[in-house]
Amino acid sequence: MADVVPEPTTTPGTPIKKARFLDTARAFIANNMASAGGGFARKLQQADISRECSIGILNFMRAMEDLEPWALRLVDSSAKIPNGMLQATVIELGAFDECIETVVRNDDGTERVRAQYCNLHVKSEDDLSLIHDSLPAVIISNNRIANFTDYLTDERLPGFRLGICVITDCTERDLQEIMNTFLGGGVKVTVRNCVTNQDEDINTTQIWILAVLGTVAVAVIAGTTFDVVFPSKVQERYDCLVKCVTAFSLVKNSKYIFRSNSCEKSDTYVYGFVHGLRFFSIFWIILGHTYASGLHNPSRVLNAIYYFQHWHTVIVTFGCQAVDTFFFFSGFFLYFKLDKENGNRIIVSIIAIIRRHVRVTIPTFFMIMCMYILPLVASGPNSKEFYNRFYDEIRDHWWDLLLQVRNWREDFIDPILLHVWYISADFQLFIISIVVIQAFKTKKWLVCWLFGALSFAFCTIAAWQIYGTDIPPFLIALNTSYQKYLDTMNKFYRLPFYHGVCYFSGCMTFLAVQKYGARRLPKVFQAVCWCIALFCGLFCLFVKHLWYRSDGRASEPIRMAYAFTDRILWSVCVSWFVFACATCRAGPISRFLSWEGLLPLSRLSFGVYLLHLPIQTLSYYIARERTFFSHYTMVSACFAVLIWSYILSYLMFIACEGPTANLDALLFVRQRRTRSECKGSRMNGNRVEDRKLQMCFENQVAYSPTTDSTSVANGYRL
102 MADVVPEPTT TPGTPIKKAR FLDTARAFIA NNMASAGGGF ARKLQQADIS
152 RECSIGILNF MRAMEDLEPW ALRLVDSSAK IPNGMLQATV IELGAFDECI
202 ETVVRNDDGT ERVRAQYCNL HVKSEDDLSL IHDSLPAVII SNNRIANFTD
252 YLTDERLPGF RLGICVITDC TERDLQEIMN TFLGGGVKVT VRNCVTNQDE
302 DINTTQIWIL AVLGTVAVAV IAGTTFDVVF PSKVQERYDC LVKCVTAFSL
352 VKNSKYIFRS NSCEKSDTYV YGFVHGLRFF SIFWIILGHT YASGLHNPSR
402 VLNAIYYFQH WHTVIVTFGC QAVDTFFFFS GFFLYFKLDK ENGNRIIVSI
452 IAIIRRHVRV TIPTFFMIMC MYILPLVASG PNSKEFYNRF YDEIRDHWWD
502 LLLQVRNWRE DFIDPILLHV WYISADFQLF IISIVVIQAF KTKKWLVCWL
552 FGALSFAFCT IAAWQIYGTD IPPFLIALNT SYQKYLDTMN KFYRLPFYHG
602 VCYFSGCMTF LAVQKYGARR LPKVFQAVCW CIALFCGLFC LFVKHLWYRS
652 DGRASEPIRM AYAFTDRILW SVCVSWFVFA CATCRAGPIS RFLSWEGLLP
702 LSRLSFGVYL LHLPIQTLSY YIARERTFFS HYTMVSACFA VLIWSYILSY
752 LMFIACEGPT ANLDALLFVR QRRTRSECKG SRMNGNRVED RKLQMCFENQ
802 VAYSPTTDST SVANGYRL
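Residue numbers (the working numbering): 102 to 819.
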């Protein structure tokens with residue numbers, strides 16, 4: 102070992118040489134400060150800042166002359182001009198952790214200097230000459246980028262965002278005054294969201310939420326213990342009480358997630374293909390949102406424009422069609438369930454609406470409740486902005502979420518919970534469909550015609566909504582202005598009219614399956630239907646490329662025609678696909694989608710939908726580095742969010758969604774037969790016996806955490 106240890110280059114008595122570079126740097130800084138110090142001091146006196154801030158700045162200047170370590174850290178961790186600014190890189194985050202870790206104490210332990218990290222937003226005011234003068238250098242990469250300059254001047258967007266590190270002696274107000282004084286007009290600079298490494302105290306709301314979560318955890322432990330330890334005879338003796346306690350059972354709810362039904366005559370088996378469709382649909386929704394959320398802190402935004410000029414990138418936008426696939430399944434399984442109900446129509450309708458509201462609202466508010474404790478575990482360069490916007494959104498819209506009218510409230514910026522509009526729109530279409538089905542339950546042809554008329558009316562209204570506006574006939578990822586995107590969301594896409602035809606088509610498809618499912622259809626007819634369905638689906642997807650390829654406004658007749666027919670064509674595609682799978686005419690496609698491995702992924706899809714967008718958005722707000730915008734990074738981020746969403750969705754299912762479903766079924770579903778009567782039952786072709794077995798099946802799943810009283814109806818909610 103002695104052979105490989107280097108000998109010391111100096112002896113203990115030898116003085117260490119100082120680096121000549123540091124002496125040169127000190128001299129350079131001192132000369133520059135001496136020449137600029139007078140003007141800087143006069144400017145600083147003009148700023149309306151606190152005395153502590155003035156003293157702190159002077160101390161910082163002296164520390165810089167001496168190259169003190171803490172002053173160097175402040176400069177080193179502050180952002181400089183973004184590299185790649187001419188390729189639309191508008192963010193430079195600096196070194197967040199290095200900044201907030203900068204704390205200097207005196208020998209007695211008292212704090213002398215503490216650094217804070219602030220976000221500096223820079224944008225042009227009315228004078229756009231700087232942007233126009235820079236365009237020739239920018240458009241060398243892509244000419245179309247000149248059409249997107251409104252994003253740099255829109256008041257609701259941050260513009261250029263830089264992370265700066267300053268001393269805590271200066272408040273946000275002081276820093277804002279300094280920027281206004283030194284930079285003057287022409288450029289608008291805003292200082293926001295300054296943070297340190299000092300942990301904020303837990304507030305009363307968070308204490309209550311932790312207490313609620315602790316109570317839920319105790320209930321899960323107690324329910325699981327009771328479910329596992331106590332014998333079945335004891336549980337049968339106290340049937341109702343046992344079901345209340347075991348509603349929170351980890352074992353019971355986990356078994357439901359992974360349980361499959363191998364009886365080929367059961368509805369669960371017949372509609373098993375739904376699980377595959379739901380999983381792939383939720384995956385595509387997450388993929389689309391990943392590309393959209395990737396613009397929060399990207400490097401080289403220019404790639405977004407470049408990618409969407411190619412037809413294959415439009416496949417990413419398939420998430421929009423996937424959302425309407427869920428609308429379709431909601432309508433399909435709503436009719437599936439109501440068709441089995443023979444009670445009083447008004448009572449059945451009221452109970453169905455109440456159950457629907459409970460089953461979607463409670464998990465939503467449970468997610469919101471959990472988000473209130475995120476500040477205790479997640480922080481980053483822009484997390485303060487995320488939490489403040491979230492708090493404001495819940496304060497302004499909690500009653501919209503409770504009454505399921507969130508999609509009718511316009512937003513002036515992108516909300517944190519951008520995706521909950523779906524729940525409200527779905528609930529509104531749910532009520533309309535229940536009224537139609539229950540009012541004319543015995544006249545199914547009339548119901549079908551009414552849904553067709555409603556589909557026509559809703560498509561007409563959707564087309565009328567964009568008449569005379571700049572709103573495109575469908576949601577596209579690239580808009581030339583932020584206002585156009587908001588108008589598309591607020592006045593067109595989130596409203597139920599655009600999605601009504603898909604929901605009503607689900608109801609009509611159920612009638613088709615019921616009436617024509619057992620009939621023999623010619624092979625040629627089936628082949629023609631497959632061709633038509635594939636054409637409609639591919640046309641809906643790739644026609645959007647015309648809008649991505651050009652930034653101009655299409656003629657009014659073309660826009661109106663596309664707005665009217667877009668969701669009709671997609672409904673035709675999904676309708677035949679579901680009809681073929683449900684009637685065993687899809688062959689290997691249906692078998693693949695019915696694979697049992699997709700079943701648990703499907704049953705957790707509602708929780709995944711609720712959780713994925715907050716996870717995505719928060720990850721970008723707390724990110725320490727920019728994200729290079731490319732297909733590889735976006736797809737990788739998609740899978741990361743998908744995995745996180747499924748893990749947290751499982752926990753939410755155990756803590757909230759599953760127990761809510763169990764208690765809901767216990768309250769509203771009448772138990773028809775005892776379990777002992779179901780033992781040994783088999784489908785044998787006898788209508789009476791088969792009906793008894795079906796009643797057993799309904800009884801067994803009545804208390805399982807499904808969307809309704811049958812596990813198939815889990816598709817009738819996202």
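Derived by calculation from the structure, the hints in this document are not laboratory data.
Hints may contain errors.
25 Å max Cα-Cα, derived SDA-like pairs, lysine to any residue [as the list claims (entries may be wrong)]:
(1) Lys181 - Gly210
(2) Lys485 - Arg725
(3) Lys441 - Ala540
(4) Lys616 - Ile723
(5) Lys344 - Phe331
(6) Lys224 - Asp255
(7) Lys181 - Phe331
(8) Lys585 - Gly653
(9) Lys181 - Arg293
(10) Lys224 - Ile723
(11) Lys542 - Gln615
(12) Lys344 - Tyr751
(13) Lys542 - Phe513
(14) Lys289 - Asn362
(15) Lys485 - Lys441
Computed beta-carbon distance windows for the label pairs [to be verified]:
(16) Ala554 - Ile182: 26 to 32 Å
(17) Glu256 - Arg213: 18 to 24 Å
(18) Asn443 - Asp302: 30 to 36 Å
By construction, the Cβ of each residue, glycine as well, lies at the ideal position given by its N, Cα and C atoms.
Practice item. Check each numbered hint against the structure and report the violated ones by number, ascending. Key: 1, 4, 7, 13, 14, 15, 16, 17 and 18
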